[in-house]
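Peer 1: Residue strings, one per chain:
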Amino acid sequence: MKTLIKIAWRNVWRNKLRSSLVILSIVLGIWAGLFLMAMTLGLNEQRMNGAVDTYLSHLQIHHPKFKEDLNIKDTIIDKKQTVAIIQKNTNIKAFAERIVVQGMIANSKGSKGIELLGIRPEQEKKLTSISTHLTEGTYFTKFKKNPAVIGEKLAKKLHLKIRSKVVVTLQDYNGNLTAALFRVEGIFKTNSSVFDESTVFVRASDLDKSIAMHGKIHEIAILGKSIGDVKKIKSALISKITNNKVESWNEISPELGYAQEMMSSMVFIFMGIVLLALAFSIINTMLMAVIERKKELGMLMAVGMNKKRLFSMISLETLFIAMIATPIGMLLSYWSISYFNKYGIDLSIIASGLESLGIGSRVYTYLPKNLYINITATTLLVAFLASVFPARRALKLRPAEAIRSN
Amino acid sequence: MTIKKRKMNVIETKNIRRVYHQGEIEVNALNDVTITFEKGEFTAIIGPSGSGKTTFLNAIGGLDKPTSGEVFINNTDITKLSENELIDFRLQHIGFVFQSYNLIPVLTAKENVEFIMLLQEIPKQEREKRAIQLLTEVGLSSQINRRPNQLSGGQQQRVAVARALASKPKFVLADEPTANLDSTSTSDLLDIMQALNKEEGMTFIFSTHDQRVMDRAKRIITLEDGKILSDIKR
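Sequence lines, in order, name chains Z and X.
286 is the number that our numbering gives to position 286 of the first sequence; each next residue is one higher, with no gaps.
221 is the number that our numbering gives to position 221 of the second sequence; each next residue is one higher, with no gaps.
In case anyone wonders, no lab produced these hints; they're calculated from the structure.
Glycine included, every Cβ here is placed at the ideal spot set by N, Cα and C.
Hints are not guaranteed to be accurate.
Derived Cβ-Cβ restraints for the label pairs, each shown as a range [to be verified]:
id, chain 1, residue 1, chain 2, residue 2, range
1, X, 40, Z, 18, 30 to 40 angstroms
2, X, 152, Z, 14, 52 to 62 angstroms
3, Z, 328, X, 149, 28 to 38 angstroms
4, Z, 392, X, 15, 49 to 59 angstroms
5, Z, 2, X, 152, 40 to 50 angstroms
6, Z, 280, X, 149, 24 to 34 angstroms
7, Z, 338, X, 152, 52 to 62 angstroms
8, Z, 2, X, 179, 27 to 37 angstroms
Start from the sequences, fold in the hints, and give me the full structure.
Peer 2: Have a look at this one:
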């Protein structure tokens with residue numbers, strides 16, 4: 001076996017240029033596949049984190065019927081008891097109470113349908129990152145009367161600045177149409193232009209007065225100590241909160257989960273295509289090597305090299321090529337993915353398109369470590385399988401004919 | 001597999017025929033060839049191109065199965081062996097020297113000779129010792145670590161002879177071994193082969209056009225159209 005390994009290794013370098021080109025093609029194929037996977041997973045990770053971070057949080061509690069038609073009267077049942085249960089759970093880092101109503105914001109420049117969120121700023125700051133996404137103004141610290149924090153896209157649409165007045169028309173708790181006047185205190189910008197254009201934050205106390213909520217709320221958003229705790233927290237809350245609906249972020253926004261699944265499937269298909277191309281590249285190279293060495297292989301069979309050894313020799317040559325190329329491809333991938341995980345890829349040229357999907361203009365690559373191992377193993381397996389066809393071709397040679405070939 | 005027993009000859013063929021099909025045409029490369037070879041022979045098989053020399057050598061070397069007839073090597077009918085059994089049989093009993101040397105280019109001279117013994121699973125020390133001994137016998141003791149591309153044609157063919165002898169075969173088949181050599185190399189090679197034949201009783205069977213080989217042969221078999229035209233012992 002040692003000699004077979006020696007022969008196979010030396011055979012790899014008989015044609016240095018050809019072997020180097022095959023190795024390079026495998027390296028580039030692996031790098032392209034993994035980098036694209038990392039970009040796609042990173043994109044989706046950002047989208048998910050952005051949604052969780054700016055508004056969604058890890059879990060939300062609502063009246064069982066609230067999400068069906070967003071009826072203002074479907075408020076949290078037994079708010080005090082529900083909050084008490086939440087406060088006792090040690091895996092919960094923070095929570096925030098919200099009033100959620102649909103309305104129309106207008107000024108002399110135009111109007112837009114929005115979701116108006118009445119929040120408690122001290123609670124909300126611990127939960128979401130809107131307060132750190134301000135491009136102008138402050139977050140409910142300056143204005144005493146009816147301040148509002150709006151998205152940058154909405155501000156641009158309605159030509160709003162800090163201190164601008166806006167009127168929000170909405171339905172109150174009793175079903176009457178009413179209007180409330182707010183003054184812009186802060187302008188925020190997130191990765192999602194859709195969110196920025198359609199969401200306005202006001203103080204819960206101000207909104208409560210305007211629409212006569214009398215302390216009732218529609219939503220409690222919950223942040224766990226880590227996203228890995230979501231399932232645990234949910235099952236703990238469900239067992240105690242029986243009259244309200246407890247949902248995790250991926251149940252509230254299933255499209256985020258679907259997008260992740262779809263992107264994961266797409267990248268695996270892409271990687272599959274890359275590996276298939278690599279397999280054909282290897283088959284082509286090894287087939288050429290077998291045809292070129294027909295005479296030599298015929299001689300080996302003539303002098304007594306059995307089929308098993310011949311097959312092993314050719315398979316080893318293929319495996320050596322893969323074993324050189326794969327770690328190089330993996331390292332290149334790891335370095336580039338780590339670099340762009342830290343510094344991001346600037347895609348500001350297509351920023352508006354990305355923001356409409358809830359993705360920032362700087363994409364940070366991300367690849368779970370287990371995927372490196374999986375792809376390495378898969379590449380070696382594909383290489384071995386690719387060696388079968390050329391090896392079988394060699395076994396079919398007739399020694400007498402092969403020795404006489406040119 | 002039925003193994004028929006015969007009296008002691010190294011090689012014995014009985015009515016071997018080999019028919020090739022070239023499109024619709026049938027070519028009788030060998031036509032009822034019956035012949036024996038004894039131990040210690042130094043035999044040249046001659047004849048014009050297409051006479052069946054190489055086909056005959058392939059048949060007795062187990063590289064090609066005759067269409068009909070029997071081939072006995074040391075009392076074993078090799079026509080009855082399976083492909084795997086034939087590969088092993090060649091390894092243990094037959095040495096080959098080819099026209100184009102056919103050394104393994106990535107191995108040194110010593111490694112090429114050792115390779116056959118490696119296939120026979122002979123231990124490393126014994127392999128190395130015998131490889132050096134054989135290369136010394138063929139006059140290449142100072143070239144053992146050179147690869148084929150660092151050796152002349154004559155030297156490569158001598159390595160091929162050493163390799164053919166490495167497995168301690170019953171006989172060596174040499175298919176036009178001097179075809180690519182100059183006169184000096186041819187002479188040196190034949191000297192070595194004759195010495196091995198005389199001193200060790202090694203059986204050599206050549207297929208050749210080379211008069212210099214014919215001049216040294218103790219027996220000349222002439223083939224024509226797949227049949228033995230003459231068989232002259234000197």
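Peer 1: Hints broken by the structure, by number, lowest first?
Peer 2: 1, 2, 4 and 5
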